[in-house]
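Construct all of the structure, not just a fragment, from the sequences and the given hints.
4 protein chains.
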Amino acid sequence: MLTFLATPPLAPLSELAPLLAAAGRALHARGWALGTSGNFSAVVRREPLVLAISRSGVDKGRLSAGDFLKVDDKGLPLEGNGKPSDETVVHLTVVRERGAGAVLHTHSVRSTLLSEAAGDTGGLALSGYEMLKGLAGVATHEHSEWVPIVENTQDYDRMTRDVKAALLGNPRAHGLLLRGHGLYAWGRDLEEAQRHVEVLEFLFEVEGRLYAASGRLKARAAGVAAGGRDGGD
Amino acid sequence: MLTFLATPPLAPLSELAPLLAAAGRALHARGWALGTSGNFSAVVRREPLVLAISRSGVDKGRLSAGDFLKVDDKGLPLEGNGKPSDETVVHLTVVRERGAGAVLHTHSVRSTLLSEAAGDTGGLALSGYEMLKGLAGVATHEHSEWVPIVENTQDYDRMTRDVKAALLGNPRAHGLLLRGHGLYAWGRDLEEAQRHVEVLEFLFEVEGRLYAASGRLKARAAGVAAGGRDGGD
Amino acid sequence: MLTFLATPPLAPLSELAPLLAAAGRALHARGWALGTSGNFSAVVRREPLVLAISRSGVDKGRLSAGDFLKVDDKGLPLEGNGKPSDETVVHLTVVRERGAGAVLHTHSVRSTLLSEAAGDTGGLALSGYEMLKGLAGVATHEHSEWVPIVENTQDYDRMTRDVKAALLGNPRAHGLLLRGHGLYAWGRDLEEAQRHVEVLEFLFEVEGRLYAASGRLKARAAGVAAGGRDGGD
Amino acid sequence: MLTFLATPPLAPLSELAPLLAAAGRALHARGWALGTSGNFSAVVRREPLVLAISRSGVDKGRLSAGDFLKVDDKGLPLEGNGKPSDETVVHLTVVRERGAGAVLHTHSVRSTLLSEAAGDTGGLALSGYEMLKGLAGVATHEHSEWVPIVENTQDYDRMTRDVKAALLGNPRAHGLLLRGHGLYAWGRDLEEAQRHVEVLEFLFEVEGRLYAASGRLKARAAGVAAGGRDGGD
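Order-wise, the sequence lines are chains A, B, C and D.
Remember, our numbering sits 22 above the position in the first sequence when you count from 1.
Remember, our numbering sits 22 above the position in the second sequence when you count from 1.
Remember, our numbering sits 22 above the position in the third sequence when you count from 1.
Remember, our numbering sits 22 above the position in the fourth sequence when you count from 1.
Misleading hints may appear alongside valid ones.
Since the list can't tell identical chains apart, any single copy or any two copies may satisfy a pair.
Unchecked claim - Here are the computed lysine-lysine pairs in the DSS-like style, where the Cα-Cα straight-line distance is at most 30 Å:
(1) K240 <-> K92
(2) K92 <-> K105
(3) K240 <-> K105
(4) K105 <-> K186
(5) K186 <-> K96
(6) K155 <-> K96
(7) K92 <-> K155
(8) K240 <-> K186
(9) K96 <-> K240
(10) K155 <-> K186
Everything labelled a hint here was simulated from the structure, so no lab data went into it.
Shown next as structure tokens:
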């Protein structure tokens, strides 16, 4: 299993927040966290668990250090302004199950398309690419990375259970996709988590172009869409 | 209907203009307002209605605070240099019908292609995407957003009537497309309007790639094009 | 014919060079003038004709004011360091035939692909797009712009004659394509020329996606390519 | 054979490192060196050979002068912190066989896709494009550039032998592709190497779009991928 036995020294919110904000703005600039999508976290303390995480609803192009708050191991706010992201529980699950030091959640066009197109098979296989060596512990391009795809839901208890099951069932995965939603990637620290996002998004673009070229891109069965205008929310 | 009961405090031109200019330059940088395309506005006062709007013909990559002027509820200039955009009446219509605090009009490659490809069906359905939760009042990805598509015209009275009809007929829409032309999106304030542009343009790229992959991208019936060179203007 | 009766006041090299350099770096940033491709000019004086033009072989990402020199109406250097671009004669032809104040020559992926795909028909028709209104003198999207496509050659006398013929034969054109090579666009001043590049490149991307979707993208008949490795220089 | 008889004056590490770092950050910004992919070098001294090269494992978006070290002609560190890239031997081979002053290795989406799609034919032919004139010594678009494709391996001795054979067999090549891995390009100095990367990556995008449009993009036979989840590393 891919854990971090020798974890790096942790840092206080005041050190982590500007680094997380810069990472978030860079992801927004690449179009991987448009609007208010995406949320970003890093571990402040292990025992008891304290997480620095972006507040809900903030535009990621304007993200600043003041947009991060500290939460406890149940996701309750300890310090800082605003409401923690609804998906804080997913971040906490990844931190616990993987021993991760940082978790980045992004929404790219490619991950949205691929997670739908490959969703029925439960995951996406990435193999044979040199870029895979950017993933921690991968020493050769002759590696097959299985990125599990979890169904999307607004029931965060269910999402947390599904994500936990996907992590336990795929102990070597470096990221997971929520269907029609986006990527969760993590690392022993923020730098490694950023690297994993870049590696996986790069490979999603490669695979996405192959899917398009081979006729495997397909729309979600859009029952609602056929129902016509203003179908409600 | 999606209105803004508790509207945020309004601001004078001197505060709004630099923010609008920065928003416009960012949209230009993404390729969503190339050349002089696009125009951007925000409400200065409600009663009587006063709007800050970009002047006509300015390059959006060089947009500065001095490129905005104040107009009254008929679109007549009150303060500032230059001529208000011809589409000022559309902005005023959106502000009145939706109670919007800001309106952003962009021209992207994707919205141009999709508004032609889906134009005959009168609108574009976006459903099942987590990114939809970036739209105000949308709490779940199990939402179907209907983006009405209005035929393009240079008759601004007709355009205004058609846009008003589309707004009244689709009270929950967060944006509308002009065919072969671009997107109008709005929000209770500039920040929300920007978020809506990013969310909708993201989903236009997702849908545009699905349209291309499934053979649904098609050119406008280009009668003129066949007529040969220099067909005139 | 599209000429500029009331031409704007001209400026000396010291004023034009930094503006031309900034325009060139912006075009490089968008990927429309990678490597040393592209060259950029503006008129310093009309009678006798003096042109400020980028020197040959400079990387467009590093373009600075010192990379421009003054040439006379035969393209001979008057002031500044380096060799004028080989395509200086084409710039001079456009300036003479159109009365242009600035000429921008770019090489984009889209113009390369489209100029090959549509090359046999002698030009590319762009019609029905609102973005066309960014071209000088175009007041409605119900306009058909014919962009002539001229065969590429390294014989600059022949290229000059072919470009002149294309300009005379298409008096309303705002730009022309060299096949497998790129775009020449111009305007009464640098700002207008930049706008025309953005408008045309935007529409090349729109048309390029339609060509790809409808199977009209095709490779140049690559006789040499089949001949195997290292077939010459 | 394409060598550099009149090589430019060499520079010490303190001068080369900031230029190499800036080049690397620019390549990362274009998405051609995401994560820790890519490595960059320049010659400090010829006799005996001393090379400045990026250290292993550094994020290319954060590359700074301190991330470069000096190595000898066997790739052993002489000065600076960190471990030289595993691919240092490939850089040294290119420097020796071509007399290059700088070598840039990038991983783009397009080079990954094309090197797989064209890999079985041993190389990629680029011909008829004006952009080819950005390659040193190429004076006309009627040039056919053969970019050899070498099978990827984690055995760096074998990779070095294969790269050397490809260089000897294609004395006029300006770059070579590693299959599923990326591009090596070089030049007499860093500026020329950067130009060659931009020219080749531009043409990879052109060809990549033609491959996609003509059904020639194809996935690697993904035997491992079918094996299901978590198939090892």
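Margin query: Tell me the numbers of any earlier hints that the structure contravenes, in ascending order.
Written below: 1, 3, 9
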